[in-house]
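J.: Listed here are the chains, written in short residue letters.
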Amino acid sequence: NAGVTQTPKFRILKIGQSMTLQCTQDMNHNYMYWYRQDPGMGLKLIYYSVGAGITDKGEVPNGYNVSRSTTEDFPLRLELAAPSQTSVYFCASSVRSPIYEQYFGPGTRLTVT
Amino acid sequence: KNEVEQSPQNLTAQEGEFITINCSYSVGISALHWLQQHPGGGIVSLFMLSSGKKKHGRLIATINIQEKHSSLHITASHPRDSAVYICAAGSGGGADGLTFGKGTHLIIQP
Numbered sequence: 001n002a003g004v005t006q007t008p009k010f011r012i013l014k015i016g017q018s019m020t021l022q023c024t025q026d027m028n029h030n031y032m033y034w035y036r037q038d039p040g041m042g043l044k045l046i047y048y049s050v051g052a053g054i055t056d057k058g059e060v061p062n063g064y065n066v067s068r069s070t071t072e073d074f075p076l077r078l079e080l081a082a083p084s085q086t087s088v089y090f091c092a093s094s095v096r097s098p099i100y101e102q103y104f105g106p107g108t109r110l111t112v113t
Numbered sequence: 114k115n116e117v118e119q120s121p122q123n124l125t126a127q128e129g130e131f132i133t134i135n136c137s138y139s140v141g142i143s144a145l146h147w148l149q150q151h152p153g154g155g156i157v158s159l160f161m162l163s164s165g166k167k168k169h170g171r172l173i174a175t176i177n178i179q180e181k182h183s184s185l186h187i188t189a190s191h192p193r194d195s196a197v198y199i200c201a202a203g204s205g206g207g208a209d210g211l212t213f214g215k216g217t218h219l220i221i222q223p
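In order, the protein sequence lines correspond to chains A and B.
Residues 1 to 113 (our numbering) make up the first sequence, in order.
Residues 114 to 223 (our numbering) make up the second sequence, in order.
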């Protein structure tokens, strides 16, 4: 199993541009999550999904959108990128609720200038 | 909302030392996670525990539910243990139930 994969690893965006961060897991996990990690701060939940077709907002959803058309894929869309979205983004999955072990992707380092 | 505090924020020790990282949380939980973030950035789950103690190799995690406190211990520390260690508290409620600490940056010097 590849586990959780994310692309791209690095990206530089100009203010106002849009992009999609890709996340795929091959463990047949129902729960998937997008987090952002800012320097000196704990991971913050952006969006999560409990299964295909079901998504919900986390703690910091503004400026982002998600979709979950399949169990495997959970892309994160940034619309109209802003410098405040400069961060490291992690996708994660778990077999059930987050009290179960979470498996993380390698992260995407995004810079908005 | 749960508040998760870790201490120390930074820790530098010599190879072979016994290491303790502490985590406290404000609201009762269903599970406490310990994660390791490597210098390259990847995050790996080390432990998930809801009571007592777990051991994996040189790593030991304990939790005291009454005191809302957990510790991660590393015995016979090695430079390869250098990483950021993160605790996260799971309330067991909705799918967004994990609250993360800011992490402890550990450096083990040879």
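No lab work stands behind these hints: they were computed from the structure.
Values in this document were obtained by computation on a predicted structure and should not be read as measured data.
We put the CB at the ideal spot given by N, CA and C, even for glycine.
Among the clues, some could well be false.
[To be verified] Just some of the chain A residues that point at chain B, by a computed CB distance under 10 Å: (1) Leu43; (2) Lys44; (3) Pro83; (4) Tyr103.
J.: Taking the hints in turn, state whether each one holds.
T.: Hint check results:
About 4 Å separates the beta-carbon of A/Leu43 from the nearest beta-carbon of chain B, less than 10 Å, and the hint is met. Interface hint at A/Lys44: satisfied, since its Cβ lies 8 Å from the closest Cβ of chain B, which is below the 10 Å cut-off. Taking 10 Å as the C-beta cut-off, the interface hint given for A/Pro83 is violated, the closest approach to chain B being about 21 Å. Checking A/Tyr103 against chain B: minimum C-beta separation of about 7 Å stays under 10 Å; hint holds.
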